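Just so you know, the protein sequences line up as chains A and B, in that order.
So for the first sequence, my numbering puts the first residue at 1; every next one is plus one.
So for the second sequence, my numbering puts the first residue at 1; every next one is plus one.
It should be emphasised that the hints constitute simulated quantities derived from the structure, not laboratory data.
There's no promise every hint is true.
The list cannot tell twin chains apart, which means a pair is met if one copy fits it or any two copies do.
With a straight-line Cα cutoff of 16 Å, these simulated EDC-like cross-link-like pairs (lysine to aspartate or glutamate) come out [said to hold, decoys possible]: (1) K112 x E401; (2) K194 x E216; (3) K65 x E125; (4) K103 x E354; (5) K112 x E313; (6) K111 x E354; (7) K20 x E359; (8) K20 x D328; (9) K297 x D269.
Predicted model, so just to flag it, every value in this text is computed and none were measured.
2 protein chains.
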Amino acid sequence: MLLKDKIIKMLKDVKEASLKLGNISTKDKDKAILAMASALLKNTKYILSENAKDVALSNKTGLSKALVDRLTLTEKRIKEMADSLKQVASLKDPVGRILRQWKRPNGLIIKKVSVPIGVIGIIYESRPNVTSDCAGLCLKSGNACVLRGGSESINSNLAIHKVVTKCLGKLGIPESAVAMINVTDRLAVEILLKQTNLIDVVIPRGGEGLIRYVAENSLIPVIKHYKGVCHLYVDKDADLEMALDIMLNAKVQRPGVCNAIEKMLVHKDIARNFLPQAARVLDDKGVELRGCSETLKILRGIKEAKELDWYEEYLDLILTIKVVKGVDGAISHINKYGSRHSDAIVTKNKLTAERFLKEVDSACVYHNASTRFTDGYQFGMGAEIGISTDKIHARGPMALEELCTYKYIVLGSGQTRS
Amino acid sequence: MLLKDKIIKMLKDVKEASLKLGNISTKDKDKAILAMASALLKNTKYILSENAKDVALSNKTGLSKALVDRLTLTEKRIKEMADSLKQVASLKDPVGRILRQWKRPNGLIIKKVSVPIGVIGIIYESRPNVTSDCAGLCLKSGNACVLRGGSESINSNLAIHKVVTKCLGKLGIPESAVAMINVTDRLAVEILLKQTNLIDVVIPRGGEGLIRYVAENSLIPVIKHYKGVCHLYVDKDADLEMALDIMLNAKVQRPGVCNAIEKMLVHKDIARNFLPQAARVLDDKGVELRGCSETLKILRGIKEAKELDWYEEYLDLILTIKVVKGVDGAISHINKYGSRHSDAIVTKNKLTAERFLKEVDSACVYHNASTRFTDGYQFGMGAEIGISTDKIHARGPMALEELCTYKYIVLGSGQTRS
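Could you put the whole structure together from the sequences, leaning on the hints where they help?
As structure tokens, this is what we get:
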């Protein structure tokens with residue numbers, strides 16, 4: 001059979017399964033998710049041995065150390081995957097909520113009700129934990145999913161997939177509800193991205209290159225979880241101690257994630273006082289600094305920032321600094337160079353804060369807090385499938401509620417339109 | 001200047017304008033929209049004379065009668081356009097609503113607030129009223145828009161655009177907030193659909209061909225307002241009088257719209273009784289019937305339905321009928337052939353109705369009411385920009401609320417992540 005026919009055949013089963021998922025009770029979904037968690041723990045040895053194959057191959061093919069690290073599973077990481085599933089099982093079912101209900105003058109009752117989206121395509125790289133995370137989140141939200149991991153982690157992903165899908169059948173949930181493309185040929189992704197009748201939304205998770213590729217090649221709606229070029233703006237009215245704290249936390253607590261800051265904007269009136277203090281603590285943590293020409297006058301010897309620096313997501317211990325004339329300059333800089341992810345202001349001035357919070361066009365805007373709260377369930381919404389940098393459907397942390405859509409149920413007694 | 005450079009320059013102004021729109025008060029937005037309504041009435045003669053050019057040219061180029069009719073403006077139609085703007089001005093401002101607010105254990109206050117999407121691209125055909133409708137809806141929801149109408153109505157659209165944008169500057173709203181592409185070259189659309197940094201979402205309005213073209217060529221997220229292959233299912237437990245009423249209303253009250261029914265599914269147990277009555281009243285209204293083989297046994301002499309009939313949106317006085325074994329058959333037929341728009345069941349059996357309402361995967365599902373309520377403000381949500389057949393962001397009637405997205409505003413007192 002041709003690859004295309006194979007994939008379409010598989011996707012038809014996934015769609016079929018998705019239509020059945022709406023009728024599975026919360027209790028059975030949770031049971032299945034908990035069974036998946038236990039199965040991961042019980043099959044730790046098997047998963048680790050399959051993962052070792054991927055790691056060995058990746059070391060041979062010269063994959064970067066950072067990528068091999070992301071790919072490598074340990075007993076601890078598998079336990080975390082199981083814990084993550086347990087957490088999903090404990091969350092409220094997002095399906096079937098009545099979002100709004102009203103009655104029309106002609107007696108029609110209209111209910112806006114949350115329902116699963118349908119079939120979700122997940123295209124991801126490296127981290128094998130995405131396999132079980134997505135399986136759990138999609139199942140809980142009543143969606144079927146088709147997973148396509150990176151070729152570098154194919155053995156790990158197939159092993160995890162095998163282990164988790166075995167739990168479904170016993171609970172009357174079709175195994176096709178969690179499907180996986182088991183070929184590493186990129187052609188498979190190309191085919192997948194054209195199946196508008198069989199997949200409802202595609203979520204790419206990975207580096208900029210993967211996300212761009214998916215966005216440019218998909219005929220199916222895509223929700224992008226793009227780069228995080230996050231800013232901290234230290235205003236002239238800032239509590240400078242607080243600013244130093246937040247700066248350090250947002251830059252170094254975990255520099256490789258999308259909501260770490262990459263740029264710092266500093267009000268000109270406090271730059272001479274604040275920047276040397278900032279440079280000292282950042283230097284202690286091994287952060288490389290780059291700066292605009294004004295910054296260079298204060299912090300001599302650091303690298304001059306190039307135009308491209310302002311757009312770049314380093315995901316590393318680098319921070320680029322710009323001196324701005326005030327909150328207006330900060331807002332327009334962020335709206336021009338930022339990635340609409342997470343941006344923060346430190347100031348004691350309420351009016352300045354309000355302008356920043358209103359006018360910065362980003363998913364999450366912070367006043368006197370670190371940008372690092374935009375993931376890891378820090379909003380209290382439970383496990384996320386990603387952090388959306390798109391503006392439609394989901395913005396910022398995308399959790400169970402955002403994996404749903406809605407439908408209108410209209411109840412009548414024979415009403416017709418005149 | 002090259003067309004591409006021209007368009008990008010224009011879109012940069014539109015984006016700039018969109019960032020300012022968030023700060024215009026509801027009062028000023030409403031004033032501007034009311035001024036647009038007055039200006040349309042005051043300039044009726046001018047608009048009609050420009051429209052006459054389009055009509056004359058379309059008659060020459062042999063555009064179909066239906067299309068020329070959609071294109072033709074009259075004093076009455078211009079008054080309706082003005083009335084529609086007045087209605088938009090009277091609606092509640094959808095921007096700045098606090099959708100949810102909560103406090104985290106660490107003291108962070110998180111507010112989920114509705115905000116404009118940003119820049120909306122509207123690509124449409126024929127009807128010049130779309131120009132003023134979209135200008136009003138986008139302005140009210142704080143969005144800038146870039147409009148691209150069909151070449152057949154270019155003079156009408158430019159005239160309406162000129163009249164409405166003149167009202168903006170006086171109220172401190174940048175004229176670029178409502179922009180129009182004034183060249184008819186299709187290349188302009190191609191260029192537009194690649195500007196991911198300058199346009200946030202594209203809404204195509206028109207025939208299947210236009211929508212398919214936009215969806216296939218856009219790198220920007222698209223919300224599709226696709227065809228309506230709507231069904232009426234008459235169950236064995238239906239009140240047959242009610243079924244006849246609803247059938248007639250949904251088919252003939254306005255056959256050319258997306259929420260008119262195109263197919264009727266009838267339970268086998270009542271087919272022999274119901275179908276002849278149905279055929280009689282439909283025949284009276286000049287409706288052509290087509291049917292499955294079972295239908296043909298009862299209604300002799302009508303055309304046999306081909307496989308393609310089940311997918312087709314006729315937008316005309318044609319109804320294709322299928323006899324089904326029960327609600328399961330109806331549900332699976334609709335989920336296979338329908339367009340996820342609006343589908344209705346007539347039954348007195350509550351359990352049967354519940355299954356239909358839950359399992360039919362459409363934006364709007366009706367029990368004992370006509371599908372014709374899915375547009376024309378019948379849900380009470382005010383003027384719609386269209387009826388979305390997509391599943392993400394907006395589903396069904398897309399009005400002011402759906403022209404907004406949200407952002408998270410996080411208020412802290414120095415919180416960092418441990």
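Query raised in the report: Looking at the structure, which of the earlier hints fail to hold?
Result: 4, 5
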